[in-house]
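Undergrad: Residue numbers (numbering that gives the first Met the number 0), protein chains in the order written: chain A, 0 to 400; chain B, 0 to 400.
Since the hints were derived computationally from the structure, they do not count as laboratory data. The reader is advised that the hints may include incorrect statements.
Copies of the same chain look alike in the list, so a pair counts if it fits in one copy or across any two.
[What the hints assert, rightly or not] Heads up, simulated DSSO-like pairs for lysine-lysine below, C-alpha to C-alpha not over 27 Å straight-line:
#1 LYS4 with LYS87
#2 LYS87 with LYS374
#3 LYS27 with LYS1
#4 LYS266 with LYS4
#5 LYS243 with LYS370
#6 LYS374 with LYS243
#7 LYS38 with LYS126
#8 LYS374 with LYS38
#9 LYS38 with LYS379
This structure is a prediction, so every number in the text was calculated from the model and none was measured.
There are 2 protein chains.
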Amino acid sequence: MKIIKGSITAPQGFLAQGVEAAIKKEDKKDLTIIYSNHKCAAAGVFTTNKVRAACIDINRSHLEDGRAQAIVANSGNANACTGQQGWKDTLSMARLTAEYLNISPDDVLVASTGVIGHAMPMRRVEKGIRDAAANLSEHGGENAARAIMTTDLVSKEIAVEIEIGGRPVRIGAIAKGSGMIHPNMATMLCFITTDADISSPCLEEMLRYSCDRSFNMISVDRDTSTNDMVLLLANGLAGNRQIKNCQGEDYQVFREALDFVSISLAKMVTRDGEGATRLVEVEVINAENYDAARTIARSITSSNLTKAAIFGEDANWGRILAAAGYSGADFDPQQVDIYLGSEKMAENGMGLIFNEDLARQELQKDPVVIKVDMKSGPFKATAWGCDLSYEYVRINAAYRT
Amino acid sequence: MKIIKGSITAPQGFLAQGVEAAIKKEDKKDLTIIYSNHKCAAAGVFTTNKVRAACIDINRSHLEDGRAQAIVANSGNANACTGQQGWKDTLSMARLTAEYLNISPDDVLVASTGVIGHAMPMRRVEKGIRDAAANLSEHGGENAARAIMTTDLVSKEIAVEIEIGGRPVRIGAIAKGSGMIHPNMATMLCFITTDADISSPCLEEMLRYSCDRSFNMISVDRDTSTNDMVLLLANGLAGNRQIKNCQGEDYQVFREALDFVSISLAKMVTRDGEGATRLVEVEVINAENYDAARTIARSITSSNLTKAAIFGEDANWGRILAAAGYSGADFDPQQVDIYLGSEKMAENGMGLIFNEDLARQELQKDPVVIKVDMKSGPFKATAWGCDLSYEYVRINAAYRT
């Protein structure tokens, strides 16, 4: 596998564009279209929040046949908690995009991110859709990535190339996450394209697996958004023999590349977490089962006390152990060793005498790497989070208007 | 029921003292003894963290017979993650206290709060126990409350008097919570005394009920401690007819008073939460069942985004609804109304046009009162939290040493 230039337009047959539609107050891009000139096998994973934007339910229904051809996404307005009108506006976004692209509305997926509870400015949105559709380009990936940003400080893109049955296959992706210009709730969007030929059932299974090990393992503030989604479009133009056996070797090769793409973007989102000064990687090893490893890793990356201690460069291993303890996973605390980088801080659940200067140096690194050895089985899991800084409070205390 | 002066020494037969044993670095009280001159029916509720201090398990065993006569508590050292030595030291604290008070070690309960993973300075602890035991007094409640404080800014005490079968019965209590001088993890301790005559099974049942509606409904930072405990001692000196029927009228009267005491202290602990500038009260009403009401109320008080918005006086009802949505409770978002004080912000899951100035005034109040009307049943629950401020980050980023 090699990392290549570009993002969602790196795979064959994909065009994209991001434009200014004046949905945001500032003069910034805020409307994206991603389009494949061939119909794609498509899969999506969506927020589990009971309070969901209309686009979540509409996308689920559009994905029932496992096919799609375009994505339209806007930033600056989440179109959530907007009732019947919000539902109608989301359907209009799909219909308008379909008209300009001359495809079926059922083959358009819709994503929105931004302030909650405000009506969509549909006249501007329509103008934006027309503008983006008219300027779709093989070089539009970067604009597309910019036009889905909200309080993100950097845009997030990646593309890789692998070989399947002797044919080069590409995967491209963009994501946004962890804040809004009108802070409301952290919304995470990720769009992945590939020219691989894959059956819909295989696509869905591997996207779910990959998300569970990437986007579902990151946390900035434990607040699950109303609009989170990851979409994956596969148009088959690479001409590989179709991947339709979820146990086969081709499936493995592709999924490993997909995992790499998902984890890379998940880490970019977390590193760009609101107010974050460092990425934190927590690896739980030798656990009795995978669920326990996962639960403990996530609990540690989500602990406010641990996050604040990391911001303060305080090697406070007691908070790490306590966060494991209240995670809900069953384990024996008196078996647990804790490492900060290469420094061992605790053994068998008890503190060791460690070098405070070396520990502080580990806490100044980016990422900070914490390893928790359960010494009770063969399973492991990794989670990513960030530190909790004054800046997080400032960003989220800011008034909406 | 009337509120009376004093705290744990207000009920008949209880003596207490808090002294300086030099366990803390500063010249501050750090060792407390609470003693009843009659053996008590006793009950306790303890942290659910898998990583527990030895005192938690030792108290459970000492409470097996439902009886106790004294509590010894220290601040400045949590004696958690200290292995075999920590276990021995906890047993020594019970034994030494028992010797000086001439009672059985099994009738002594032990509590510790402070830094984790450090050995107890047992010579100092013994001197403190001797000193406190020699100076037990009816007026020692305030010193006792001070000697369990860590980063608490104020001490927390309350006492009430009710009448049961024509006899005055008193309940007194002290608590500490929400920070440490060596910040490590928020430890919550609460000791409650009463001269009521109550059977052990009734005492345990009502303490569990009361804690579920008070201490288990507060959150400062979602981090569950290794040392949390609530202890209740009832020595029977009020001479009321014994409460031994958990359905009876006397039980109800006493439990209501106990609930008042528990909720009052729980609110004091939350208001004194690390860095908190305001108490936040979230009432979920008209829910389909009690568990849903409770889960939603707790999810809202625990949301970092909601807490930061309150600190910033931002009437960001979307975050409140989103926190309800990811709580795990099942409900229909399109039924939900949200009030901030007397201002209705959202109806049927959609935002209303509201007066931003009035909303901001509600957010400047202490407590901030949020009401969530589920409009789907007869159940309700109240949870308490606090805002998330720069000061929280500062306190918890500070270096241990």
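Undergrad: For every hint, state whether the structure bears it out.
TA: For each hint, the structure was consulted:
1. LYS4 with LYS87: Intra 38 Å, inter 62 Å, cutoff 27 Å: neither.
2. LYS87 with LYS374: between (54 Å within a copy, 26 Å between copies)
3. LYS27 with LYS1: Classified as neither: same-chain Cα gap 32 Å, cross-chain 62 Å, threshold 27 Å.
4. LYS266 with LYS4: Result: close within a single copy only, 19 Å intra versus 56 Å inter.
5. LYS243 with LYS370: neither (37 Å within a copy, 51 Å between copies)
6. LYS374 with LYS243: Classified as neither; 38 Å inside a copy, 48 Å across copies.
7. LYS38 with LYS126: within (25 Å within a copy, 80 Å between copies)
8. LYS374 with LYS38: Cα proximity of LYS374 and LYS38: none, with 49 Å in one copy and 45 Å across.
9. LYS38 with LYS379: neither (38 Å within a copy, 51 Å between copies)
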